[in-house]
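**Q** What follows is each chain in one-letter form.
There are 4 protein chains.
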Amino acid sequence: MNSKVNVAIIGSTGYGGVELIRLLASHPGVEVTSVTSSSAAGSPIAEGYPHLTEIRTDLLDDVDAALIKSKADVVFIATPAGIASKLVPSLLEAGLKVIDISGDLRLKSRELYQTWYKKEAAEQQYLDQAVYGLAEVYGEAVRGVDLISNPGCFPTATLLGLIPAVKAGYIDPSTIIIDAKSGVSGAGRGTSLGTHYAEINENFKAYKINKHQHIPEIEQVLGDVAGKPVVTTFTTHLVPMTRGIMSTMYASVQGGYSSEDFVSLYRNYYEGRRFVRIRKDGTWPATKEVSGSNYCDIGFSVDERTGRVTIISVIDNLVKGAAGQAIQNLNLMMGWDETLGLQFVPIYP
Amino acid sequence: MNSKVNVAIIGSTGYGGVELIRLLASHPGVEVTSVTSSSAAGSPIAEGYPHLTEIRTDLLDDVDAALIKSKADVVFIATPAGIASKLVPSLLEAGLKVIDISGDLRLKSRELYQTWYKKEAAEQQYLDQAVYGLAEVYGEAVRGVDLISNPGCFPTATLLGLIPAVKAGYIDPSTIIIDAKSGVSGAGRGTSLGTHYAEINENFKAYKINKHQHIPEIEQVLGDVAGKPVVTTFTTHLVPMTRGIMSTMYASVQGGYSSEDFVSLYRNYYEGRRFVRIRKDGTWPATKEVSGSNYCDIGFSVDERTGRVTIISVIDNLVKGAAGQAIQNLNLMMGWDETLGLQFVPIYP
Amino acid sequence: MNSKVNVAIIGSTGYGGVELIRLLASHPGVEVTSVTSSSAAGSPIAEGYPHLTEIRTDLLDDVDAALIKSKADVVFIATPAGIASKLVPSLLEAGLKVIDISGDLRLKSRELYQTWYKKEAAEQQYLDQAVYGLAEVYGEAVRGVDLISNPGCFPTATLLGLIPAVKAGYIDPSTIIIDAKSGVSGAGRGTSLGTHYAEINENFKAYKINKHQHIPEIEQVLGDVAGKPVVTTFTTHLVPMTRGIMSTMYASVQGGYSSEDFVSLYRNYYEGRRFVRIRKDGTWPATKEVSGSNYCDIGFSVDERTGRVTIISVIDNLVKGAAGQAIQNLNLMMGWDETLGLQFVPIYP
Amino acid sequence: MNSKVNVAIIGSTGYGGVELIRLLASHPGVEVTSVTSSSAAGSPIAEGYPHLTEIRTDLLDDVDAALIKSKADVVFIATPAGIASKLVPSLLEAGLKVIDISGDLRLKSRELYQTWYKKEAAEQQYLDQAVYGLAEVYGEAVRGVDLISNPGCFPTATLLGLIPAVKAGYIDPSTIIIDAKSGVSGAGRGTSLGTHYAEINENFKAYKINKHQHIPEIEQVLGDVAGKPVVTTFTTHLVPMTRGIMSTMYASVQGGYSSEDFVSLYRNYYEGRRFVRIRKDGTWPATKEVSGSNYCDIGFSVDERTGRVTIISVIDNLVKGAAGQAIQNLNLMMGWDETLGLQFVPIYP
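Protein chains in written order, with UniProt numbering: chain L, 1 to 349; chain Y, 1 to 349; chain W, 1 to 349; chain R, 1 to 349.
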């Protein structure tokens, strides 16, 4: 490519934002020309993030559509929930392409958003306009669009682990149980007792049981794939580690398929999609095996005794679950190869 | 009590063994008179475990029934699987009372043991004789017996979390799915790549899916309680922490019971049993909240959308899941209060 | 003892406070009759600390001298710095005996306090009255007094590691360099970016270099022991773990003493003091080897090449570095054996 | 560059080896054409390292000079100590350029090697031939040579932190004390009780005090820079984390220089060297701020009270302390820009 695309990052002082900065720093087609922060505008980004010393020496910009448009063509929104819904209209109007990581535009129903997020939803037209950027399933749909909604971290691991089986009818969607686990970075950089080191270290806990806002997102997509409403049981747990999500999923097998059949089905479904790796029968991925990378690794165990399959899916929540997948969507939006700038080897150990 | 009971510990250089030493050091009715090790006999136990410096200055004894009998009345076996089955006959014959923590005597069926443990089973008469020491369920059964089989760590958390609901018919046993997570100390002190620090830290992984030897143990007891065979889905995961087990359990609710109904049911069932704490509706226990103690804490979430209940049960795998429960069994065996010497406050943070 | 001493804990919702609750729960001579909190008075203590469920069912009291005196004879102050200085006068006046863990009464000089703590110092008469409770050095001095100032966590590990050598002239006090490391619980339960899980996990950092408020405390005591002013270099680091302090200390050896000579010197100095364990030559203690206990373990390495000794001293910051030592002081204050209720085996692993 | 340089990695199943694979995968001038292992030859490398699934599908080669020469022009040796000394002669003879990460060729004196490493040293001619690859100090010296000895992890952090001050006479070399801390990956992938998860997690310990084999390496270089023999006190500690080294260094300041003077001195010394970042006065680097990157960050605190400076230097032990610095040396050896393929943003959090 001859010239680079200029991008801005709103919410660049959060973990999703700095991960975008990390990944885009080595992307051959992109220049990050503006990093913004409503709380720290005017100060150097490296002050709050010393790992960026001498890498980014610029000051944080204010969150202002016109200012951003003067510097960039595409903008990532990496704020907490409830902010993007307010920013998107002016950003689009200013002529920017928008990739929203925050979750505000994922649910097509305003009511559902308000029920689960306990916040005012975005206007319906933006919910309608936003294309859900789960590249391995809906990849082509994002080409050329102006507004992409990036999937949530848990939905990414979960949906990539379930969709081929649901679509092929290998499992009964009404029996799906999802036991998810996440590293603590998923909670962001805002301090709270729930992310206080001494409370989390050497501790394992469940939270938001049957109440997590990713439940309707998962069900919306599964219902779309299944062609009928799907209701799931979904539990989230906090793991004493920084990065990584594992989704352990259970469902009743329909049709007597073996683990090997699942491996074959998934390999076919994800053929050509570099970021999904299906593990061979009898092995299952661990979160560290995708750490720092855009991979989603999946493994299976069908148990003949119970007639159920256990599906294990892992991602790095900040990469495939946030910044990496957002860049993958940018690549597709721009008509580039989806792997551009994302071919990292996982960091191990 | 006037005089102390003398006890010996076989396998005292493993984590279960040193935890027995820690807990028994402050038990008012017990004196640990012999710590044995087949691999390190003759050397001071504090050499391999410097935290015992000046606390235990004795040398490790050989594993010899006559020697042990000359020093003790009761013996704990805290070896890896496959050893107790060989030791128990001579220990009983020597006149010792035996509490086996190793798992060799938990399954009543030799075939089942050999299938899941991949080792030669103990002789049937010892399997028949051994009383399963899940105190809150079968407590009275261990009074006065000579041979107790201490439950496994995962079965302890899981069974205490499921039995009242299965017994009362609140859940359909055929729908039980158990997603279990354990700290790394459960794997013992033997070194391996699977317990190598750099492989486990910042990592979360599943293992032995549908193959764990605790599956038949759980099913044996659930079947006993349900009055019919029960088959379950059971997955184990390794958490990057040292101590703690959480069992997250799912089942279909029969009869429209709410979370509060479960709370009431369990509080009634465990009435008077100090080591089970039922959390109030809407809160769930974390592993750190029982760390270092003999508690098993349990919480519930019934989801009306799916008709399923999620049950969370936590223990310290080395205490309630091993050494603490073994001492609780000793207490009952001796006719003492089951809490004697075990009333520790959990260590937090 | 026939009747128990009633004690109150001010600041019982901090980590030092809950550790006092944990340790005192099994102390044979003490009853905790009041737990207070200025921020959460009126609510059950177990609400903020679910590990205390069914163990302490009382509500938090307000911080009120008369109320406390109506319930207790002795009070522990476990607040952040800057509060005890205000509370102590009324507590003493109400007739309570006071053990202050907060640090407000450790420095004899108001100027020094204000320089290093950046807060208003207590009135001079209380600084004069408070006896510094480093039991192994000044133990007898606290017998029968009304006001004890409990040493800081770093000073405890550091002073116990240095005093015998300074006193005996084995090292040159002007060459002392102290490189200290602490687990994160030392920073308390108040949330901040510096104790946010994702910032601390997999991270090791130095802080407050040459600025830590424990520097003048260490120098005050070393100067007292040396008989002349001592100035030291002291660096603190944060270790990604919850509990534990290690002080690694360096000094030039005077007189050609070997590691074995240091071992002998320290064993003699601490003869009869159960909580200091001197490791044999060639071995050094690790923090986990004292975790959960009141021990301070010390080891040495004299290097003939450089003429310097390296001294390693470890404690559990919440026990020997705070709550445990405070109870040890209570024991001495009451004329009891200093080990009463404190004879825990360290928790390992 | 038109064509890529083919490189082989001996010891590619160790942590240093897989880190080379990770970093070289995105290096624009290099192709890794052979990964070898004496213990696992013939099996796919991704079998032991599932994070490489679909990234490297080749089988491990035997360690054979002729075979390697048929595939590569340059070879990295990333074995444990004591192996490179035997391999180097045949590799050089086969016409390969060699970069040794193992430490066998760092000490110029065979006696010193044998004293500290307790192994047979390499022949003197290879010790003489090997150029010590500390790029920021001796960078130009490695251009075009055939045999480079890559510095050790602790020496890298320590020497970069000390050399400008020693060279400029700002500190007295005879007063240098080095308190070093390392993550556990530095101990390699070989299992042992010392790297067993439950022994290391929530633990902090010192090891090899005054005995570490990196002592003579540090002293050799410091002596070279100072122009006279230097003897140092050096202590190593194990931090419960996977990656990262911090060297906290102490020395007496000569000439009344302030922290700001040190900052200026170091900024001048490292002018143009992208991988050393000098922190501004009053701030110090943490290990996570360089994690996954080739940076070495350095900060200072001069204490007027003691006349000493505290210098903090951090690196990622597997990158700047091993594989990254080895690639930096390859770049220089090839006449490329030293940053080629190494411009990673640190991974944070």
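Any given hint might turn out to be false.
No copy is singled out in the list; a pair is fine if it fits within one copy or between any two copies.
[Claimed, not checked] Below are the PhoX-like pairs computed for lysine-lysine, each with C-alpha atoms no more than 20 Å apart in a straight line:
1) K71 / K119
2) K119 / K228
3) K280 / K108
4) K280 / K208
5) K118 / K211
6) K167 / K208
7) K280 / K211
8) K228 / K108
9) K119 / K108
10) K71 / K211
11) K211 / K108
12) K69 / K86
Read the hints as simulated data drawn from the structure, not as lab findings.
Values in this document were obtained by computation on a predicted structure and should not be read as measured data.
**Q** Each hint: holds or not?
**A** Status of each hint after checking the structure:
no. : hint        : verdict
1   : K71 / K119  : neither (31 Å within a copy, 47 Å between copies)
2   : K119 / K228 : neither (27 Å within a copy, 48 Å between copies)
3   : K280 / K108 : neither (36 Å within a copy, 35 Å between copies)
4   : K280 / K208 : between (33 Å within a copy, 15 Å between copies)
5   : K118 / K211 : within (11 Å within a copy, 42 Å between copies)
6   : K167 / K208 : neither (28 Å within a copy, 28 Å between copies)
7   : K280 / K211 : between (34 Å within a copy, 17 Å between copies)
8   : K228 / K108 : within (16 Å within a copy, 46 Å between copies)
9   : K119 / K108 : within (15 Å within a copy, 55 Å between copies)
10  : K71 / K211  : neither (40 Å within a copy, 43 Å between copies)
11  : K211 / K108 : within (18 Å within a copy, 41 Å between copies)
12  : K69 / K86   : within (17 Å within a copy, 56 Å between copies)
The structure shown violates the earlier hints numbered 1, 2, 3, 6, 10.
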